[in-house]
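J.: Protein chains in written order, with this note's numbering: chain A, 1 to 350; chain B, 1 to 279.
Hints were generated in silico from the structure; no laboratory data involved. C-beta atoms are modelled at their ideal positions from N, C-alpha and C, and glycine is treated no differently. There's no promise every hint is true.
As the list claims (entries may be wrong) - Listed next, the in silico SDA-like pairs over lysine to any residue satisfying Cα-Cα at most 25 Å (straight line):
| no. | chain 1 | residue 1 | chain 2 | residue 2 |
| --- | --- | --- | --- | --- |
| 1 | A | K222 | A | K154 |
| 2 | A | K154 | B | G63 |
| 3 | B | K103 | A | D74 |
| 4 | A | K104 | B | F210 |
| 5 | A | K104 | B | K131 |
| 6 | A | K170 | B | Q190 |
| 7 | B | K220 | B | P90 |
| 8 | B | K103 | A | A110 |
| 9 | A | K170 | A | R153 |
| 10 | A | K154 | B | M180 |
| 11 | B | K103 | A | S18 |
| 12 | A | K154 | B | R179 |
| 13 | A | K104 | B | E170 |
| 14 | B | K220 | B | L83 |
| 15 | A | K154 | A | A110 |
| 16 | A | K154 | B | Y185 |
| 17 | B | K103 | A | F19 |
| 18 | A | K104 | B | M180 |
| 19 | A | K104 | B | L83 |
| 20 | B | K103 | A | G17 |
| 21 | A | K104 | B | R179 |
| 22 | A | K104 | B | G63 |
| 23 | A | K104 | B | L183 |
| 24 | B | K103 | A | V58 |
| 25 | A | K154 | B | E170 |
| 26 | B | K131 | B | F210 |
| 27 | A | K154 | B | R181 |
As the list claims (entries may be wrong) - Residues from chain A shown here face chain B by an in silico Cβ test under 10 Å; the list is partial:
| no. | residue |
| --- | --- |
| 28 | A53 |
| 29 | D74 |
| 30 | L89 |
| 31 | R149 |
| 32 | A150 |
| 33 | P155 |
| 34 | D161 |
| 35 | R227 |
| 36 | A229 |
Each chain is listed here by its residues.
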Amino acid sequence: MSHSGSVRIEGVVKQHGSFTALHGLDLDIRPGEFFALLGPSGSGKTTTLRILAGLESVNAGRVMLDDTDVTHADPGERDVAMVFQSYALYPHMTVGENIAFPLKMTGTPAAERLAAAQEAAAKVGIGHLLSRRPGQLSGGQQQRCALARAIVRKPRLFLLDEPLSNLDAKLRIETRAELRRLQRELGVTVVYVTHDQEEAMTVADRMAVFMEGRVVQVGTPKGIYLRPASVAVAAFIGTPPMNLLPAELANGSVGVAGAWLPVDAAAGQRGRVVLGVRPGDLRIAADGMPAQIEFIEDLGDSAIILLRLDGQQIKMKTDQAQSLQEGQQVFLRFNPAAAHLFDHDSGLRL
Amino acid sequence: MKRHPVRHALLWLMAGLLLAVWAFPVLWALLTSFKSERDVLAYPPVWRFAPTLDNYREVLFGGSSILPNLWSSLVVSFSTTLLTMLFAVPAAYALARLNYPGKRASGFYVLATQMLPPMGLIIPYYLVLQKIGGLDSYSGLTAIYLSFSLPFAIWLMVSYFEDIPFEMEEAALLDRAGRMRTLWYIILPQVRGGIAVTTIFVFLNAWNEFLFAVVLGGNKVRPVTVAMFNFISVEQTQWARLAAGAMLAMAPVILIGLFAQRHIVKGLTVGAVKGGGRR
Numbered sequence: 001m002s003h004s005g006s007v008r009i010e011g012v013v014k015q016h017g018s019f020t021a022l023h024g025l026d027l028d029i030r031p032g033e034f035f036a037l038l039g040p041s042g043s044g045k046t047t048t049l050r051i052l053a054g055l056e057s058v059n060a061g062r063v064m065l066d067d068t069d070v071t072h073a074d075p076g077e078r079d080v081a082m083v084f085q086s087y088a089l090y091p092h093m094t095v096g097e098n099i100a101f102p103l104k105m106t107g108t109p110a111a112e113r114l115a116a117a118q119e120a121a122a123k124v125g126i127g128h129l130l131s132r133r134p135g136q137l138s139g140g141q142q143q144r145c146a147l148a149r150a151i152v153r154k155p156r157l158f159l160l161d162e163p164l165s166n167l168d169a170k171l172r173i174e175t176r177a178e179l180r181r182l183q184r185e186l187g188v189t190v191v192y193v194t195h196d197q198e199e200a201m202t203v204a205d206r207m208a209v210f211m212e213g214r215v216v217q218v219g220t221p222k223g224i225y226l227r228p229a230s231v232a233v234a235a236f237i238g239t240p241p242m243n244l245l246p247a248e249l250a251n252g253s254v255g256v257a258g259a260w261l262p263v264d265a266a267a268g269q270r271g272r273v274v275l276g277v278r279p280g281d282l283r284i285a286a287d288g289m290p291a292q293i294e295f296i297e298d299l300g301d302s303a304i305i306l307l308r309l310d311g312q313q314i315k316m317k318t319d320q321a322q323s324l325q326e327g328q329q330v331f332l333r334f335n336p337a338a339a340h341l342f343d344h345d346s347g348l349r350l
Numbered sequence: 001m002k003r004h005p006v007r008h009a010l011l012w013l014m015a016g017l018l019l020a021v022w023a024f025p026v027l028w029a030l031l032t033s034f035k036s037e038r039d040v041l042a043y044p045p046v047w048r049f050a051p052t053l054d055n056y057r058e059v060l061f062g063g064s065s066i067l068p069n070l071w072s073s074l075v076v077s078f079s080t081t082l083l084t085m086l087f088a089v090p091a092a093y094a095l096a097r098l099n100y101p102g103k104r105a106s107g108f109y110v111l112a113t114q115m116l117p118p119m120g121l122i123i124p125y126y127l128v129l130q131k132i133g134g135l136d137s138y139s140g141l142t143a144i145y146l147s148f149s150l151p152f153a154i155w156l157m158v159s160y161f162e163d164i165p166f167e168m169e170e171a172a173l174l175d176r177a178g179r180m181r182t183l184w185y186i187i188l189p190q191v192r193g194g195i196a197v198t199t200i201f202v203f204l205n206a207w208n209e210f211l212f213a214v215v216l217g218g219n220k221v222r223p224v225t226v227a228m229f230n231f232i233s234v235e236q237t238q239w240a241r242l243a244a245g246a247m248l249a250m251a252p253v254i255l256i257g258l259f260a261q262r263h264i265v266k267g268l269t270v271g272a273v274k275g276g277g278r279r
């Protein structure tokens, strides 16, 4: 591969009529990285992917691939491959012809095409299906066929648009591990769009969190999980989501529902904040924030406890739910280091 | 759910009746075409008669041969079909896919031409053709047929193109196919059912056309639909020859119908694209 596959997006603005889909987007994706674009529906992640592919024009800004400006280049000139959410297989061609099609378009001789298609199909485990038509394949096999068509011409950049969303839960988990393996094996840059934070967390080297047409945080999945940059990111990342409570900050402690608990905060900081605590970081103690257990969801090895605290519903995850009962009054505490503090007005991390 | 046997029988009966109503005149004409003029006029109708090929011989090679007329019909229908499809396929693709100024207006125009009563156009068309010397000419009649068949074919083809998911074209663009090769390798193979159907409709419409042919044709260009009226004169109607002529005129239509059945494949794209939502 002559190219390394780095991506830089600089100040990209995209408008659909009066609606602004992207407000001046900046992103840097390193060569060989598995990079996820994560965000809720309508946050601009698919638009970003389509701009990278050249399927959408931009209203302002630049798109650089390997330090070459491709902002106005046609999709075919960019040397990128894309797997669509719908797979977009060509129904009138066999699987083999589908996979070989990109090579046919570049004028590769027939014999070479066949060999390459066989190799690509074998890599994704559909080597025995080359003579079938897409309509005769299962969803998982269609997905693999789309992948094989993308890898066959060894592009510098792979764009995957929610590639697993049409698979059932079990297959999705299997396939995402396989995607990861395939990406490492090929050593290629992957940009991966998903609205499923768990999926992004498990496959991505780094990810960008999209909210309302803006990238609100870029980092490793672990880094974002541990230090969400805002209330919105905190609420989006993690299952079940982080509990967010209005609180008062003073003298290194937060006051919630009449209880004051220590947090890691500079002594000088004070005022109204939003306190974030992940369900797994809450524990029941002899004193602390008073709450009432409303419901217990038993997951077998652990349980999700729904509680009411100061009129707000929160969740706690624990593996010691045996002694708890619905309706019971309890006190909650958390480790000071596990508390996330956000500015009440801006929503940004303190 | 199992269908009620009585309902089932009724359905078959209805279908059979409808088929009989449709087929009776055709079969009657077929019988008539093998009768002698005397047998044709026999009353009550004779079911046993000595079949003869005289009518076909006369109609094909006799004094009032319709061979030149079959040729006229073929030329006009073939050129109409060819030109229509040549323009309609790209035009329909453009209407279905591209955004250009005036797209809505041109789409409406295509539909509006289908709403005009043809009868109202005969005189204007006659005058126009007369002015440019297009009366009784292949090019003149073909041009007039195009004015109907082209909008019809475009309108029919647009829906076939619209059925193809956008993402399929985008995938082809990323596979470096470019617009023209995408059309050739990806789009056209998937609408070939639609192309077959449209081609047949256009051809049959042109082949069966009578109104414009009788007014705008003449001695040189006289399609078979018009020529058959030679067998109906003031003194007598030559039923047997008329029937033989009608059979010959119908033959290509029926042959095309039989041939095309296999080509009208529906649902070729079903199952190729799942989901397909776009955010």
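J.: Next, verify each hint and record whether it holds.
T.: Hints, verified against the model:
1. Restraint check for A/K222 and A/K154: the C-alpha separation of about 30 Å exceeds 25 Å, so the hint is violated.
2. Distance restraint check for A/K154 and B/G63: the Cα-Cα separation of roughly 73 Å exceeds the 25 Å cut-off, and the hinted pair is therefore not satisfied.
3. Straight-line distance between C-alpha atoms of B/K103 and A/D74 comes to about 24 Å, which keeps the hinted pair within the 25 Å bound.
4. A threshold of 25 Å between alpha carbons decides the hint, and for A/K104 with B/F210 the separation of about 49 Å lies outside it, so the pair is violated.
5. A threshold of 25 Å between alpha carbons decides the hint, and for A/K104 with B/K131 the separation of about 53 Å lies outside it, so the pair is violated.
6. Note on A/K170 and B/Q190: the hinted pairing is violated, with a Cα-Cα distance of about 33 Å set against a maximum of 25 Å.
7. With a CA separation close to 33 Å, the supplied pair B/K220 and B/P90 exceeds the 25 Å bound.
8. Between B/K103 and A/A110 the alpha-carbon distance is near 41 Å, which puts this suggested pair outside the 25 Å criterion.
9. A threshold of 25 Å between alpha carbons decides the hint, and for A/K170 with A/R153 the separation of about 29 Å lies outside it, so the pair is violated.
10. Of the supplied pair hints, the one linking A/K154 and B/M180 holds, its CA atoms being roughly 24 Å apart against a limit of 25 Å.
11. Taken as a hint, the B/K103 and A/S18 pair is honoured in the structure, with Cα atoms around 21 Å apart against an allowance of 25 Å.
12. Between A/K154 and B/R179, the direct Cα distance comes to roughly 22 Å. Compliance with the 25 Å bound is thereby established for this hinted pair.
13. Under the criterion of a C-alpha separation no larger than 25 Å, the hint pairing A/K104 with B/E170 is consistent with the structure, at around 17 Å.
14. A C-alpha spacing of about 22 Å is found between B/K220 and B/L83, which places the hinted pair at or below 25 Å, so the restraint holds.
15. Taken as a hint, the A/K154 and A/A110 pair is honoured in the structure, with Cα atoms around 17 Å apart against an allowance of 25 Å.
16. With a CA separation close to 22 Å, the supplied pair A/K154 and B/Y185 stays within the 25 Å bound.
17. Proposed proximity of B/K103 and A/F19 is supported: the alpha carbons are some 23 Å apart, at most 25 Å.
18. A distance of roughly 15 Å separates the Cα atoms of A/K104 and B/M180; the hinted pair therefore holds under the 25 Å criterion.
19. Between the alpha carbons of A/K104 and B/L83 the distance comes to roughly 31 Å, so the proposed pair goes past 25 Å and is violated.
20. Restraint check: the Cα-Cα separation between B/K103 and A/G17 comes to about 18 Å, which is no more than 25 Å; the hinted pair holds.
21. Of the supplied pair hints, the one linking A/K104 and B/R179 holds, its CA atoms being roughly 15 Å apart against a limit of 25 Å.
22. Restraint check: the Cα-Cα separation between A/K104 and B/G63 comes to about 59 Å, which exceeds 25 Å; the hinted pair is violated.
23. Between A/K104 and B/L183, the direct Cα distance comes to roughly 15 Å. Compliance with the 25 Å bound is thereby established for this hinted pair.
24. Taking the CA atoms of B/K103 and A/V58, the gap is about 23 Å. The hint holds against a cut of 25 Å.
25. Pair hint A/K154 plus B/E170 holds up; C-alpha atoms about 18 Å apart against a cutoff of 25 Å.
26. Between B/K131 and B/F210 the alpha-carbon distance is near 22 Å, which keeps this suggested pair within the 25 Å criterion.
27. Pair hint A/K154 plus B/R181 holds up; C-alpha atoms about 21 Å apart against a cutoff of 25 Å.
28. Among the interface hints, the one on A/A53 holds; its C-beta lies about 6 Å from the nearest C-beta in chain B, closer than the 10 Å criterion.
29. Here the hint on A/D74 is kept, as its CB sits about 7 Å from the closest CB of chain B, short of 10 Å.
30. At a threshold of 10 Å, the smallest CB-CB gap from A/L89 to chain B is about 5 Å, leaving the interface hint in force.
31. Using the Cβ-Cβ criterion of 10 Å, the hint placing A/R149 at the interface with chain B is satisfied: the shortest such distance is roughly 8 Å.
32. Among the interface hints, the one on A/A150 holds; its C-beta lies about 9 Å from the nearest C-beta in chain B, closer than the 10 Å criterion.
33. The interface hint given for A/P155 holds, since its Cβ lies 9 Å from the closest Cβ of chain B, which is under the 10 Å cut-off.
34. A cut of 10 Å between beta carbons decides the hint on A/D161: the least distance to chain B is about 9 Å, and the hint holds.
35. The interface hint given for A/R227 is violated, since its Cβ lies 28 Å from the closest Cβ of chain B, which is over the 10 Å cut-off.
36. For A/A229, the suggested interface contact is broken, since its CB lies about 23 Å from the closest CB of chain B, more than 10 Å.
In terms of the numbered hints stated before, the structure departs from hints 1, 2, 4, 5, 6, 7, 8, 9, 19, 22, 35 and 36, listed from lowest to highest.
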